[in-house]
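Number of protein chains: 2
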Amino acid sequence: MRVATLDNGPRDGTLVVVSADLGRAMTVPGIARTLQAALDDWARCEPLLEEACRRLDADPHMAGSIAFDQASAHSPLPRAYQWCEASVYITHLERCRRSTGRDLPQQLYTEIGMYQGGSDSFVPPHSPMYCFDEQWDADLEAGICVIVDDVPMGTTAAQAGKHIKLVVLVNDFSLRRVQFPEMAKGLGVLLSKPANAYSPVAVSPGSLGAAWTGSMLNRPVTVTVRGEVIGDPIGDVDALFEFPALIAHLATTRDICAGSIIGAGTVANRDPARGSACLLEKRAIEILEGGAAVTPFLRFGDEIRIEAFDANGASIFGAIRQTLEPPVTGRQDMGEQR
Amino acid sequence: MRVATLDNGPRDGTLVVVSADLGRAMTVPGIARTLQAALDDWARCEPLLEEACRRLDADPHMAGSIAFDQASAHSPLPRAYQWCEASVYITHLERCRRSTGRDLPQQLYTEIGMYQGGSDSFVPPHSPMYCFDEQWDADLEAGICVIVDDVPMGTTAAQAGKHIKLVVLVNDFSLRRVQFPEMAKGLGVLLSKPANAYSPVAVSPGSLGAAWTGSMLNRPVTVTVRGEVIGDPIGDVDALFEFPALIAHLATTRDICAGSIIGAGTVANRDPARGSACLLEKRAIEILEGGAAVTPFLRFGDEIRIEAFDANGASIFGAIRQTLEPPVTGRQDMGEQR
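Going down the list, the protein sequences come from chains R and G. To convert, note that position 169 of the first sequence is 173 in our numbering; the numbers rise steadily by one, no gaps. To convert, note that position 34 of the second sequence is 38 in our numbering; the numbers rise steadily by one, no gaps.
Honestly, the hints are just simulated from the structure, not real lab data. None of these values were measured; they are calculated from a predicted model. Incorrect hints may appear among the rest.
Where chains are identical, the list cannot tell them apart; a pair therefore holds if satisfied intra-copy or between any two copies.
To be verified - SDA-like cross-link-like pairs, simulated, lysine to any residue; straight-line CA separation at most 25 Å:
hint	residue 1	residue 2
1	Lys189	Leu10
2	Lys169	Arg223
3	Lys189	Pro109
4	Lys169	Glu293
5	Lys189	Glu115
6	Lys166	Thr299
7	Lys189	Gly305
8	Lys169	Glu232
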């Protein structure tokens, strides 16, 4: 099953099912009007959405279907009740730490590191990343995430896999010059993590087929910045932890509400040929290899693209395509009038 | 205006307006079915909710009204898209740090410290605090929060006050033995902050009258643990920052979605006669004064109560009343069947 959310007015958009080639879509008001509503009642909605997808794939031009334009999609959940991100690709942390002469705390090799991120207002996958000041050193972070149904407190990793209902990609937008002073306060990240964008299409594990190991995406995530591919690390390579363990970690002390999004962090492989999925790590490698960072952080107008392809070269989730832009002039006044 | 949410089945409950004496309530399906729906469309809903409240206060037994039982209420937002908490009462931080021989970083006297908390599933104000293990050192934290409408990125403190739409109390439930190792990872708090509970009633600044300074509650928050009042610190005393500054801080790099809850942290006054609003601080004072902590953290069955009273002794928000309990046996299996 593939679902997406049309960015057509309501805050939570309108849920559609999407064809296997990502070319066609169909609203499903008889099942659920929004993805959160479907996730809130997943046991009922899941088989109905699966059936609607099968019908669309069998007859992509069936009555009521429309062309699916990724540029008209919002993030599958335009806002969510929870976004938590781990950092399971230890290579990413090692490179970024070593480039500034710091060792990685040993506990991060054996314990999951996860933070609570903001989820109240994501941006569409083809929306700009808005940032007031280029000097904040804006960066993308390409990652793989799952969306779960209700997960009871105390769920174990062995039990958690069945709660994975949908898989998406994320651009975990980061402001590096804000991030490091913020982390020094010991309270985690907040201002340094503006609104994320997610891939236009969310795909069920069943429809990922051979691209899903049961606990992780096993395809490369291709990351392009300013027209150049800076990395295509593979999801299930060099991951210290996989999604069932991440879900169980978050459920240690609390229930997890349906529609929560859990990410595995910036994808990174030890193989240097796989490059990097963020500029901070690319610059860290430059420092480690050549003594100085060469690649600049994002500047206004710079474009990024994040996409994963299956073994046949077809786009699995559609593309996250964003440019860095200052907030629209008068935006605040417009906001006041909303 | 006073609103509450009945915990009567749907995930987001049912919105009611509440009378000034907190004794009567009335559903308002013609205005909005849930508080989030009202906040999503606040410009339309606010005057209608104000008018419904006025009618209920004028005739508390009007047709369609019901007795308001705090025990039947959920948190005003049973789940929210955002919960961020600052720590503006520096006395609280000073006491807790000094008791373990650590200084407080100077920047916390001049910069706002705020973290992103979990908001996907709050518990009702009279629900247990669920915790698997007493040895996790469960603690309450009594605080004052505001709920905002949409706040555009870049909103200043001078502009932010008008976005404060409702005021509530919180029990920011904390697991101290989980918290300190977790914070040492540098990613903030996650597992150490299980589901919060909020006061049964949310009150608009206008209806707080003299209890609201325009930017902070100026009444004591009375905190009772195991039947003993451990503190009644006053909201606007010794607060380094107030709500407009906190809202502006969060809006520095992103839009804030309507329905976001922003807290000021554990209330604390320099005057020792005002006691403490959490056990960690009470124990810190015991260590500083007598060399050892005497008061235990919460144990199963222990009851806490958090409430604020106006100048006439009337409860402003109703009471948060919780006991510490292990999760119900078989709870996970029940969850699986939901």
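Outcome of the hint check:
Proximity of Lys189 and Leu10 under a CA criterion of 25 Å is satisfied in neither setting, with 39 Å inside one chain copy and 39 Å between copies. With identical chains, the CA atoms of Lys169 and Arg223 are at most 25 Å apart within one copy only, with a shortest distance of 18 Å there and 46 Å across copies. In the homo-oligomer, the alpha carbons of Lys189 and Pro109 lie at most 25 Å apart both inside one protomer (18 Å) and across protomers (8 Å), since each shortest distance falls under that limit. With identical chains, the CA atoms of Lys169 and Glu293 are never at most 25 Å apart, being 41 Å at best within one copy and 53 Å at best between copies.
For the identical chains of this complex, Lys189 and Glu115 are neighbours both inside a copy (22 Å) and across copies (10 Å), given an alpha-carbon limit of 25 Å. For the identical chains of this complex, Lys166 and Thr299 are neighbours neither inside a copy (41 Å) nor across copies (43 Å), given an alpha-carbon limit of 25 Å. In this assembly of identical chains, the alpha carbons of Lys189 and Gly305 never lie at most 25 Å apart, being 32 Å within a copy and 35 Å across copies at closest. For the identical chains of this complex, Lys169 and Glu232 are neighbours neither inside a copy (33 Å) nor across copies (47 Å), given an alpha-carbon limit of 25 Å.
Of the numbered hints given earlier, the model fails hints 1, 4, 6, 7, 8; all others are met.
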